[in-house]
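Q: Listed below, chain by chain, are the residues.
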Amino acid sequence: MSRTEDAIRASGSRALIGYLPVGFPDLATSIEAAVAIAEAGCTAIELGVPYSDPGMDGPVIQAATQSTLERGFRLEELFEAVAAITARTSAPVLVMTYWNPVLRYGVDRFAERLAAAGGAGLITPDLTPENGRDWLEAAERHDLDRVFLAAPSSSDARIDAAVAGSRGFVYTVSTMGTTGARNDVDLAARALADRIAARAASAGTEALRCVGLGISTAEQVRDVLTYADGAIVGSALVRALGAGGVPAVRELAASLAAGTLDDGPAFAGTQAADAAPAAGAPAPSTPAPSTGSTHSTEKGASA
Amino acid sequence: MSASQQSPSLREQHGPWFGAYGGVFMPEPLMAAIDELAECYAECKADPAFQAEFARLSRDYTGRPSLLTDATRLSEQAGARILLKREDLNHTGSHKINNVLGQALVAQRLGKTRLIAETGAGQHGVATATAAALFGMECVVYMGEVDTERQALNVARMRLLGAEVVPVKSGSRTLKDAINEGLRDWVANVDSTHYLMGTVAGPHPFPEMVRDFHRAIGDEAREQTIALTGGLPDAVLACVGGGSNAMGIFHAFLDDADVRLIGLEAAGDGAETARHALSIERGAPGLLHGMRTYLLQDDEGQTLESHSISAGLDYPGVGPEHAWLHDLGRAEYQPVSDTEAMDAFLALTRAEGIIPAIESAHAIAGALRLAKEQPGSTLLVSLSGRGDKDVATAGRWFHLLDEGAQQL
Ligand SMILES: Cc1ncc(COP(=O)(O)O)c(C=O)c1O
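In order, the protein sequences belong to chains A and B.
The first sequence begins at 1 in full-length UniProt numbering and counts up one residue at a time.
The second sequence begins at 1 in full-length UniProt numbering and counts up one residue at a time.
Some clues are possibly wrong.
[What the hints assert, rightly or not] Simulated pairs of lysine to any residue, SDA-like, Cα-Cα distance not exceeding 20 Å:
hint, chain 1, residue 1, chain 2, residue 2
1, B, 169, A, 141
2, B, 372, B, 343
3, B, 169, A, 71
4, B, 169, A, 67
5, B, 169, A, 69
6, B, 169, A, 35
7, B, 169, A, 74
If you are wondering where the hints come from, they were derived from the structure by calculation, not from laboratory data.
Because the structure is a prediction, the values reported are computed rather than measured.
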C-alpha cells in the first residue's frame, strides 16, 4: 500500500506537500525544519537531494542546494535525515532526486537504504517512466512510491505512462518553467489535472494529482485544491528557511496549511472572493466525510 | 584492430542509442519538444528540398567546401605529412556554423522564432547569433561567467550581431552550467524557442542531427586527401570537447578500418592532476544533459568541474557516439595538456602563418606527438577554428603583451 496515497486520502484530498533540500543549511537544521513543517500541517514531506546540475530548479533552490554541496554533502546524510524525520512524524517522506546520484549509488541499493530508513518513495524529475524500468522493479521489491511528472505539454500517451508508472500521486507540473514562486499558477494546471483524471478514468484507474511549481501562498494552495488532490510548495519554504530558520519555515507552513481548510476561517479577508466554490470543481476535491473534517479541525486549531 | 569486414557499417548508426550511450533523459516538460524535434528532423533528413537548401547555405554563406592545406613547413619539422582541414576559414571562423545553419533551418520549419544556445569559447554563440541575424530570429546565448571573461571578444561579437548574452553565475560558471541555464529557458519558452545545441551531446536527436550537419567535414576531407595523396590518411585527429568537429571528420572514415581515429581531450594542468577535462579517459558512464555517456563525476554521481585553458573543451561530458566508438575500440582518445596545446599553437602559427583556435591546437599537438611515433605517416587534422578569439589568452601565456598595454 502507498503511504503517500493514504496520507493524501486522509487529508480529504486536500494535501499540502512541503519541499525542503536535505542538509540545508546543515543536516540538523534540515531535519528540524522538516519535522516543523509536518507539525505545522504538511501532509507529506518532499526532501530534495542536492545535485550539481539541477535542470528543473529555479534560483532559490539552486542556491540552497549548491551551498549544501559546497559544504560537502554526502548521500549518507539523506538516509540519516529520512530516518530521523520519520521517527518524529507520521507524514510520509518522499525523496526528490535527479537520477544520476541514484544510478551511481546503485538503483536497488538506494531503494533498499531508503526503505530501511523509513522513506515512502521517490519523485524523479529527470527520469521518465520509459527510462525507469530498473527503478520500477526496485520500487516494487521495496514497496516504495514512485512519482513521475506530467506537464501541460505532455501528450495523452505520455500522461498515460505517467499515470501507469506512478504510485502515490502524479506530479502535476503547473507551468512550463522551473521551480520558483510565481504570482499566478497557470490555468494550465487546472486543465492538466482534469486531463490526468480523465485519462486515468478511461484506463479504469484513479490517479491522485498534486500540483507543483510556483505555489507560494495559502490562496494559491486553496485555489489548487479546488481541482487537485494536493499542492506542493518548494521555493517559498526554502527561502523562509534560509532567511528566518526553523521558526520562519514553521510559520509559513502553518499559514499555507490554512489554505487546505475548505471553510477557510483564517482567511476572512479573502473569503468573499472565495466564498463561492469554483464552478465546475471536479467531484474528487470534495473532502472525504470523516477523515477530512477531522484533519481540517486539527489544522484550524494550529493555524 | 579489426572492425570486421562483415559487420554492419558503423556509418549507419543513428540515435537514440549508440550502444549503451545516448538516449533521452529529459524532464517531462521538455519531452514534447524533444519528440517534435526528433520527428521534424527525421523529415528534414529525408527531404531533398531541405538538403538542397542546407547545401546552398553551406556553399554560398559558409564557403564550403573548406580547403585542405598541405602544411609542408610544419610537416618538415614534425617528420610526418600533416594535412589541415581548414574549418577555420568558414564564415564566423569555426566548424560551428555548419550545425547552426542546419538547425536554424529545422527551427524555421518548426515555426520557432527564437534561438537559444549555450557557448563555451563563444564560437557556437557567435555562429548562432549569426544565423539568428540571417534568419531574422531573436537570439539569447548563455555563457558561463568564467568564459565571458576569457572570451570577451566573442561576447562583443554576439552583441554586435544583436544577440543577448547572459553570463551564467551558477555552478562552475562554465559550459555545463550554460547548458543547464539554456535548458531552463527552453522549458519556459518552448512554444517559441528552439534550443540550438552546439555539439554532438544532449538527448536524441541532437547527437545524430549535429553529427549529420558536420558530416561534410569528413566527406570533403576524405576526397581531398585521396586527390592530394592518392590514398587515405594513416590517422585522423581532432579535438574533443563535446565532440562535434571530431564526429564530423571521423564519420567519413568509420568504415576505413586501417585509418586510426584519434580524439584529443583537454588534459588541462595534466592528466596526472585533478584539473583536466578527460571525460572519456577519466570519467565513468552516467547521465548529464539528457544523455548517458562518459562524464567526470564523483563517487556519488555529482558532476565534477572540468578544467582547460580552452573554453570550448572545458566540458565534463562527451557526445554518446564517441563513448560508443571508444568502447568499440574504433576510436582512441588521448590527453593533451594546456602546455602541449600552447606549444602546438605557437608551432603552427610560426611554421604556417595560421593562428589556430586553442581548441584546435590540441589536435595539432596530438599530430606532432604521433608524428614522432610514426615518422613519414600522413596525418589529417581537423583545424576546427581560428585563433582570433584567443589572442588575449595567448598574449598572456607567451608574455607578449607590453607592460601597461590596453587589455582586451
Ligand atoms: C574552434 C573550436 N573547436 C572545437 C570546439 C569544441 O567543440 P566540439 O568538441 O563539439 O567540436 C569548439 C567549441 O567551442 C571550438 O570553438
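Q: Each hint should be assessed against the structure and marked as holding or not.
A: Tested hints:
no.	hint	in the structure
1	B:169 / A:141	42 Å, violated
2	B:372 / B:343	15 Å, holds
3	B:169 / A:71	18 Å, holds
4	B:169 / A:67	13 Å, holds
5	B:169 / A:69	16 Å, holds
6	B:169 / A:35	33 Å, violated
7	B:169 / A:74	24 Å, violated
Checked against the numbered hints given earlier, the structure breaks hints 1, 6, 7 and satisfies all the rest.
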